[in-house]
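Colleague: Protein sequence lines correspond, in order, to chains A and B.
Every letter in the first sequence is one number past the one before it in numbering that gives the first Met the number 0, and letter 179, counting from 1, is 178.
Every letter in the second sequence is one number past the one before it in numbering that gives the first Met the number 0, and letter 40, counting from 1, is 39.
Honestly, the hints are just simulated from the structure, not real lab data.
In this text the structure is predicted, and so the values were computed from the model without any measurement.
Where a beta carbon is used, it is the ideal one built from N, C-alpha and C, also for glycine.
Keep in mind that the hints are not guaranteed to be accurate.
To be verified - Heads up, incomplete: computed chain B residues facing chain A, CB under 8 Å, no partners named:
#1 Met47
#2 Leu50
#3 Pro51
#4 Ala54
#5 Phe84
#6 Arg88
#7 Ala101
#8 Ala106
#9 Thr147
To be verified - In silico SDA-like cross-links for lysine to any residue, where the CA-CA straight-line distance does not exceed 20 Å:
#10 B/Lys73 to A/Glu162
#11 B/Lys107 to A/Ser149
#12 A/Lys279 to B/Arg88
#13 B/Lys67 to A/Ile174
#14 A/Lys144 to B/Asn26
#15 A/Lys178 to A/Ala146
#16 A/Lys80 to B/Gly9
#17 A/Lys199 to A/Val51
#18 A/Lys279 to B/Arg123
#19 B/Lys125 to B/Ser115
#20 B/Lys148 to A/Asn171
#21 A/Lys80 to B/Lys67
#22 B/Lys67 to A/Ile57
#23 B/Lys215 to B/Asn26
#24 B/Lys103 to A/Asn171
#25 A/Lys199 to A/Leu267
#26 B/Lys125 to A/Ile135
#27 A/Lys80 to B/Glu12
#28 A/Lys123 to A/Lys178
#29 B/Lys73 to B/Arg88
#30 B/Lys25 to B/Arg123
#31 B/Lys148 to B/Ser115
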Amino acid sequence: MNYLWTVCTQIGIFLILSLSFNFSLGFSGLINLGHIAFFGLGAYMASIAYTVYGIPVILAILFAGVFAMLISMLLISLCRKLEGDYLALATLGFHFVIYSLFLNLEGLTGGTRGIVFTRPEFIKSEFSYLLFSLLIVLLCLFFLKRAVDSPFGKVLGALRDDEQLLRSLGKNSFIVKVKAICISSFFAGIAGGLYAFYLKYTHPDFFFLAELVVILSIVIMGGLGSVRGTIVASFIVVLLPEVIRFLPLHSSVIGPIRQLSYALVIILILLFKPRGFFGKVDLK
Amino acid sequence: MFAISNASGGYSESPVIRKVALTVEKNEVVAILGRNGTGKTTLMKYIMAMLPVSAGTVSLDGKTLPEKTAGRVKAGIGYVPQGRFVFPRMTVVENIAVAAVACKQNAKETIESLFSDFPLLSQRAKQLAGSLSGGQQQILAMARALATKPRLLLLDEPSEGIQPSIVDEIAEMLLSLNQRQNMTILLAEQNLDFSLDISSRAYIMDGGTIVQSATKQELMSDKKLLQRLLGV
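In isolation and in its complexed conformation, chain A is listed as follows (with noise of 0.2 Å):
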């Protein structure tokens, strides 16, 4: 049973991570190629409160969505002046750079070695981090939600449809920019911290572009714009290499096969469905 309870764990995170880059990207129209950075800079923030300053787990791992959104803060003021594909080869040379501060500050991050931990009595069993992990899932889903259905929301969609537009309303955009990145860089932190204790070691590969792959065929596939379709994509993305793994297949192909699956996926939805399943937004 306990791979069954992993697994779930694993759909209840990458739909938190998945969801906070939906609210960037199909939400507000941000191309954030750096919210696997803050994915991982919320799993080392989480990994270094609990192991090295001994913070209660729910504090590390909301010290790790606020972590998150700082650095966000900071990128996004950096960027203050970039748009479009100039902010997406921005953030994803930001991802770049984190990546390489997880390898090389051995003090601080374990280098290659990563961060390895216990986790505490109270959700050592799968099961219980499954329960633990739910309730945290369930309160960011509802917070995400409520965040694009309220009359902020709608900015965002004023944003992601015409920047120039919403000024001329009388809005300043990059407060409202920043909002978006800082709102889904904590929710993307957050997912970290949940996936270090999921794991109970930190390491710079799970925090490697490829990742962000797994969260981009989570958004197109569920559609550009849509909670709804962030769950049911996640469920499915998270699943298919599960589904992979028990194919009679000589193991050293079903790795490569899972990489495979994930482009197909893309691939797919973009030549049948290009609004993904329930999208509001068309892919451009």
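We have chain A; now place chain B onto it with these hints.
Modeller: Just chain B, lined up with the frame of chain A:
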């Protein structure tokens, strides 16, 4: 009273408008006329602080307006850009709500009030703005600008690319706004008939500056002047 003095500005290093000065009295409707490329849209963007300013000031009721777009909207300037831009993937209601929220107005009250002024929008409340016809989008763009509760409404070529019957409707709406709600209006136009229908006087732009101002009567009586300045 709204006034611009010594306005110069443009894009990057190239000035498009030079030493423009004009005034619009309270409750007045004034047109800025000119051919393509004479700087009308640039002047509108200058007023909204949406492009680099080289020199000049913009004032409303004797107060110099802030240098940021947001400040100018809050000071009471509503803007309907050229090309009837709407947020295409948002509904009619959401388009208006965004403007109300941006200016910290009560969105629900603003929508109700605008729907009673523009019943056509009320019938299409849940429709995506991008699926409306050109004329309907223009009306939505006007309603959205009004949601910011302006004292001066700027319209950049509101009749462009719209079928004549809808242009007449827009003219009636603008006249009604001016007469019933005392809205001051400044519009940039190439459509002379539309402009003369609703405005009491006009400034004529050429080469990025104002070359003449004339009353409605002067424009209507002097066909040679129109031909020389506007090519109509």
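Colleague: Looking at the structure, which of the earlier hints fail to hold?
Modeller: 2, 3, 4, 14, 22, 25, 26, 28, 29, 30
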